[in-house]
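Protein chains: 2
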Amino acid sequence: MSSNQRQYRQQAESFLKNLSGAYFPNSTREFLHGSRADIRVPYRRIHLSKSLHQPSPGIAMPDNPPLDVYDTSSVYGEPGANIDIEQGLVKLRQRWIAERQSSQERGVTQLAYARKGIITPEMEYVALRENLGREHLANPITAEFVRDEIAQGRAILPANVNHPESEPMIIGRNFLVKVNANIGNSSVSSSIEEEVEKLVWATRWGADTIMDLSTGRNIHQTREWILRNSPVPIGTVPIYQALERVNGIAEKLTWTTFKEVLLEQAEQGVDYFTIHAGVLHDYIALTSRRVTGIVSRGGSIMAKWCMAHQQENFLYQHFHEICAICAEYDVSLSLGDGLRPGSIADANDEAQFAELRTLGELTKIAWQYDVQVMIEGPGHVPMHKIKENMDEQLKHCHEAPFYTLGPLTTDIAPGYDHITSGIGAAMIGAFGCAMLCYVTPKEHLGLPNKEDVKQGLIAYKIAAHAADLAKGHPGAQARDDAMSKARFEFRWDDQFNLALDPLTARAYHDETLPQESNKTAQFCSMCGPKFCSMKISHEVRQYGSQRINIKVKDAAEVSP
Amino acid sequence: MSSNQRQYRQQAESFLKNLSGAYFPNSTREFLHGSRADIRVPYRRIHLSKSLHQPSPGIAMPDNPPLDVYDTSSVYGEPGANIDIEQGLVKLRQRWIAERQSSQERGVTQLAYARKGIITPEMEYVALRENLGREHLANPITAEFVRDEIAQGRAILPANVNHPESEPMIIGRNFLVKVNANIGNSSVSSSIEEEVEKLVWATRWGADTIMDLSTGRNIHQTREWILRNSPVPIGTVPIYQALERVNGIAEKLTWTTFKEVLLEQAEQGVDYFTIHAGVLHDYIALTSRRVTGIVSRGGSIMAKWCMAHQQENFLYQHFHEICAICAEYDVSLSLGDGLRPGSIADANDEAQFAELRTLGELTKIAWQYDVQVMIEGPGHVPMHKIKENMDEQLKHCHEAPFYTLGPLTTDIAPGYDHITSGIGAAMIGAFGCAMLCYVTPKEHLGLPNKEDVKQGLIAYKIAAHAADLAKGHPGAQARDDAMSKARFEFRWDDQFNLALDPLTARAYHDETLPQESNKTAQFCSMCGPKFCSMKISHEVRQYGSQRINIKVKDAAEVSP
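So the sequences go chain by chain: Z and B.
Residue numbers for the first sequence follow UniProt numbering, beginning at 1 and rising by one.
Residue numbers for the second sequence follow UniProt numbering, beginning at 1 and rising by one.
It is worth saying that the hints were derived from the structure and are not from the lab.
Bear in mind the structure is a predicted one, so any value in this text is a computation, not a measurement.
All the given hints hold, so there is nothing to weed out.
Taking lysine-lysine and the BS3-like style, the derived pairs with C-alpha atoms no more than 27 Å apart in a straight line are:
hint, chain 1, residue 1, chain 2, residue 2
1, B, K385, Z, K387
2, B, K450, Z, K450
3, Z, K450, B, K519
4, B, K364, B, K395
5, B, K385, B, K471
6, Z, K471, B, K385
7, Z, K364, Z, K395
8, Z, K385, B, K471
9, B, K385, Z, K385
10, Z, K395, B, K387
11, Z, K387, B, K387
12, Z, K535, B, K259
13, Z, K471, B, K387
14, Z, K519, B, K450
15, Z, K385, B, K387
16, B, K471, Z, K395
17, B, K252, Z, K535
18, Z, K471, B, K471
19, Z, K387, B, K471
20, Z, K471, B, K395
21, B, K395, Z, K387
22, Z, K259, B, K535
23, B, K364, B, K387
24, Z, K252, B, K535
25, Z, K385, B, K395
26, Z, K364, Z, K259
27, Z, K395, B, K385
Over the 10 Å line for every Cβ pair with chain B, so calculated as not near, a few chain Z residues:
hint, residue
28, P25
29, R40
30, M61
31, Q94
32, E135
33, A138
34, P164
35, K252
36, T254
37, E312
38, H320
39, A354
40, Q368
Ideal Cβ positions, reconstructed from N, Cα and C, are used throughout, including at glycine.
Put together the whole structure using the sequences plus the hints.
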């Protein structure tokens, strides 16, 4: 290890140690327990203060129950936890995997078990996790329901047998909408340590999965550090590493090289592969009149290969072999939309939908191998064309989960594409998209830094939650209701703590009213004390209750 | 003038002078000309560079035509313009108003003229403005169409006869979706000069109208400065000033006090009044089980008054007199939604819709007086309940334009409510909402500063534009297409200049690639040179064109 590397390592470790001690304010990490001792599902409990006003004299101020929320931050969110990034995380699933492997030889995927009617510990874990906050509501999520959704192909549980560090999670439209964050260095920017930092940072802000899109040097080593330290499933686009192997010359790609990369990454523990097997030779001509051509990196690489060789896409030709490898490790397939539109002008065109139909055919093949599948989607799509994407996907891809990048609803706001795409993401989430790939403010402009990662994630947690509400997901509204009750009762600290980003909410409030006394004030600087509608609204209610009291009294007086 | 005031003034003037010299990069202010010399409609022309690659040897690099966009920045956007905030802006409409007043005694509203079949210079101005970029498309916007939309009550042109400084604009669902920015000090924060600064700042970033929601001291003086320096219509909520007059005690409000305020503000030149005349006494009880009660400031004040006096809302009782005042000055009415929901839990409830139906009745009364009307809408609404708002509004309010605050699609992200609400705003805009009232990141937390105003506006310009695209508004996609073409051709400077926020787009790009040479580079730091999909896509097209050339050659060879 060079002194330069050592210095980087020390910086990264020091960062991680700091981060592990800085959990969200007034929150504790708690666990749900399953049928066996080693099924412990973490969640975050946000503790709330009492209501500030006595309902009536002599009656104590009412407690507000804590709010429990899904937590992706893992041990990094545990105050005082001992983080050793060289050691990696605890291998949570190792025993489950070993037990299964000793009992049988073939069919190690969650889909294989699901189809056999076997509920794995992972499925039980997921059921507990998804059921958080809806335990007492109608239609709780059961482990059997999880198994069935996986068996039907409507949901996937990405969990490479060689990534035992991951905390099980599920992607499917009958579960909470998930968010993916892309990290990864390009050759121009970033270091390995920065990428591990971004991983921890991203899971802190709610990333459900991470895609490592590194393309620079040290691609293997970067991924190793990420996998060993990641509590969430890791996705990759193996063609990037394959291209590195042939010095960036797409024409030199071969199935043999690609297969080596697949095996290497599967062996390392990658949980899902984006494979651009739907970019067929015949479809390339369909992009020739597009405003922005082919904007998927993998898609453009495969198109170039096809054109150079005048041959069919080798990922399509060898798709059965790809499935066989994935089946061996339980790598899920994320069928890439190499021909997704990169501009409003190109949305929903024949190139895009031709590829989508091919992805539907490939889905059926993957399922023959018990390989879990999701389908990637666009891209840039104006609002009125978003629903058609979801409808076509459901129709042609046999209800395999949809996983979209945005979509961006306009092209005109680089620097704010977390917003242009947050709009589209919320909408397609409400229509049934299972996972939303975030877009950061740096999209189209450069490699995102840590702050961009956070901004992208917050925008996408908003989109995912708005979609959960719109779908009527049981329990989703509990956090909104807790926030709104705190708001109406002027419990400022609770409002901050319940927010997706407690630190920013508090900082914004404190810009104008930093005094501690204002944390219980019945106003903020937006309207001032005289014009606070909520304060006046309480006074209106007092009038209301006085009237009722008077009426009751009147009634008592006239009664015999 | 105290020395303190003088200092503030100097600061504000120096700011304005600086701002006037800092127009958007590579843009010029141009004018469309109407049927008379004094109809000059400003717009911004974004000049683009040539495409960087020769289509084939010997052929010059193609020009890219400039892109013309709607411009609200007025003379503040004119480099070197002489700004004198004490003098105020040029009284653009003064002659038009005077000419009309000399020819008749009654009926000075744009609605009155429209109904009589008269096309005012304001209508012609608006037609030119709305038609920008669609002159050569089917269905251009004509002055007669503008007149007819106003006559039908489907659109309003807010233009107080005493605010001749304003540049005419129109609010209606068959025109471009508009954005309103709220400014105004509260008693806790801000100064007059800061508010004028915010006005100029807001119009720079695209505010189509401004609401002055000041509630502190100097409410009259603040408004005077704003009106005399505002090129966009100014809206107010007169009940705020009325409440100041009775020392903040809602119970002491009277119709007499309110009427005085109305007359004062109308005389000053306010272009539209938010009037909470739909908060009927009977509806207040409908809010008693709400999570967040009444969250409109005006709504809560009127509810308190009604409860205290056990009387009907005096704004409802005196609505005819309000209309008579508005008719005299051409103040448009913005019928306030005093009972709008303030949380997801309270969305689309009976209180909200009961008030909406009353607003529909009031609309008909206002129209009797030739008063222009729009209807205010929520608030906090989950995505699946947004369309119902638009449908109910159209149904009960006779197609008067809808003007909504957001709506916020979740309550859980204070600090990011420009995003939670940008999602809802884009959706309701696509459904037909005519104007979107912005929400800044400070919503629920404090008074927005300049940066917050900008962030709110950018989010809402995105929402409005996304809605225009979704409605298929002719010409709207031109900017997206120009951006995407620039993107595909690696014209980085053009991409920045076409962006809603050119400065941020450039700054983000330059974080990793500041060198001038990278402004023509065929990659950015996101993917690096080897992995740029667009670069590869060009190579794919080269293969394509080579093949076609070969085919043509083959064909030539086999032909006799």
